[in-house]
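Order-wise, the sequence lines are chains A and B. For the first sequence, position 84 (counting from the first letter as 1) is numbered 84 according to the working numbering, and the numbering increases by one without interruption. For the second sequence, position 95 (counting from the first letter as 1) is numbered 95 according to the working numbering, and the numbering increases by one without interruption.
Keep in mind the hints are simulated off the structure, nothing from the lab. One or more of the hints may lead you astray.
[What the hints assert, rightly or not] Taking lysine-lysine and the DSSO-like style, the derived pairs with C-alpha atoms no more than 27 angstroms apart in a straight line are: (1) A/K40 to B/K96; (2) A/K53 to A/K9; (3) B/K96 to A/K41; (4) A/K9 to B/K70; (5) B/K96 to A/K22; (6) A/K41 to A/K9; (7) A/K53 to B/K96; (8) A/K38 to B/K59; (9) B/K70 to A/K40; (10) A/K41 to B/K70.
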Amino acid sequence: DTEVTQTPKHLVMGMTNKKSLKCEQHMGHRAMYWYKQKAKKPPELMFVYSYEKLSINESVPSRFSPECPNSSLLNLHLHALQPEDSALYLCASSYFSGTGTGELFFGEGSRLTVL
Amino acid sequence: TQLLEQSPQFLSIQEGENLTVYCNSSSVFSSLQWYRQEPGEGPVLLVTVVTGGEVKKLKRLTFQFGDARKDSSLHITAAQPGDTGLYLCAGDNTDKLIFGTGTRLQVFP
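Bound-form chain B, shown alone (with noise of 0.2 angstroms):
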C-alpha cells in the first residue's frame, strides 16, 4: 500500500509567519500535485512536480520535490489569512492519485 504521510497535521499560525509542510513516501512516484481545499469546496490543484529536485514558485509558495521523488515539501512565505485551508500533496502513479494525510493550515490575521 503506497502511503503519503504529511506533517505537521495541523498548523496554527499568526499572519507574516513563515511555515513549511511536508509529504512523504516511502514509493517513488512518476509525479506529485499540491491540492488546496477550503470548506465546503473541492481540492484546487495549486502544482503540479515531475523532476526529482524540481523547485517550483508560485507567489509565495515555494514547491520542492525530492531527488528520489518520493517526498516534497510546501513553503510559504508570510503567510496570509487567505492561504487558510487544508493542504494535501498526491502522489500520482500512472493509473490514479493517492493522497496524503493533509495538514489542516490556520492562518489568524
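Okay, chain A solo, but in the shape it has when bound (with noise of 0.2 angstroms):
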C-alpha cells in the first residue's frame, strides 16, 4: 500500500467555523507534512512530524493547528481562517532516515474554500 489518503476532498467553510483536514498512510513512515498549494504555485511547507513529535513550523498562524495521533495519522485543525486561506492543502509522508527527506509520497489534496 503506497497510499496516501486525504478527506474531505473538497471543503467550504465559513470564517467562523471550525473544520478538520485528515491525512492517514500505512506505510510505515515516521515523517508526516502539511503543504498549502495556491493556484499555479509550488506548495509550501507549514508543518513536519517526525516520530509523531513536531519538528518543523513554518511560522505558520495559530489559526492551522496539526495535531499527529498516532504514526499513521495526520490532522489539521482550522478555525477562524480568512478568505486567503482558499488553497489545496496537501499531505505528505516519507521514510524518514535523519541523513534525508527521501521521497514525499503526496495525497490527492483537501480543496478548502473560505466564504
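Join these two chains into a complex; the hints should help.
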C-alpha cells in the first residue's frame, strides 16, 4: 500500500467555522507533512512531524493547528480562517532516515474554500 | 532563505519537440528531487539525484545534477501530450524539502 489518503477532498467553510482535514498512511513512514498550495504555485511547507512529534512549524498562523494522534494519522484543525487561506492542502509522508527527507508520497489534497 | 528558481515558468510546445527545464539555487543540497503534478493530484516523484554531476535517464526524460549540487536540469525528448503538467524541483536539506518555483508544461497534439 503506497497511498496517502486525505479527507475530505473538498471543504467549504465560513470564517467562524471549525473544521478538520485528515490524512492517513500505512507505509510505516515516520515523517508526515502538511503543505499549502495556491493556484499555479508550488507547495509551501507548513508543518513537519517526525516520530509523531512536531519538528518544524514554518511560522504558520495559530488558526491552523496540526495534530499527529499516531504514526499513521495526521490532522489539521482549522478555526477562524480567512478567505486568503483558500487553497489546496496537501499531506505527504516519507521514510525519514535522519540523513535526508527522502521521497515524499503525497495525497490528492483537500481543496479548501473559505467564504 | 533557500530559494530554488525554475525556468521557464511556462512552456507551451507541440508534440515531438524537445525541451529543457532548469532549476537553480545559490544553496547546496544533499540531493535534489524532481516531481510532476497533474491537475487535481498531488506531486509524484520522478527521480532523485544525489551526486554532483550525476545524470539519470527515465525513458524520454534526462535529469542532471550540477557538479556543485546547486542546480539541476530536466530534458524531455520528443514531448507527448501526456507530459503535460507542473514540474517541480525540490532540494533536500535533510529535515525538509524546499520546492522550486515550478514550470508549467503544456504539450499540444
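Starting from the hint list further up, note which numbers the structure goes against and sort them upward.
-> 4, 8
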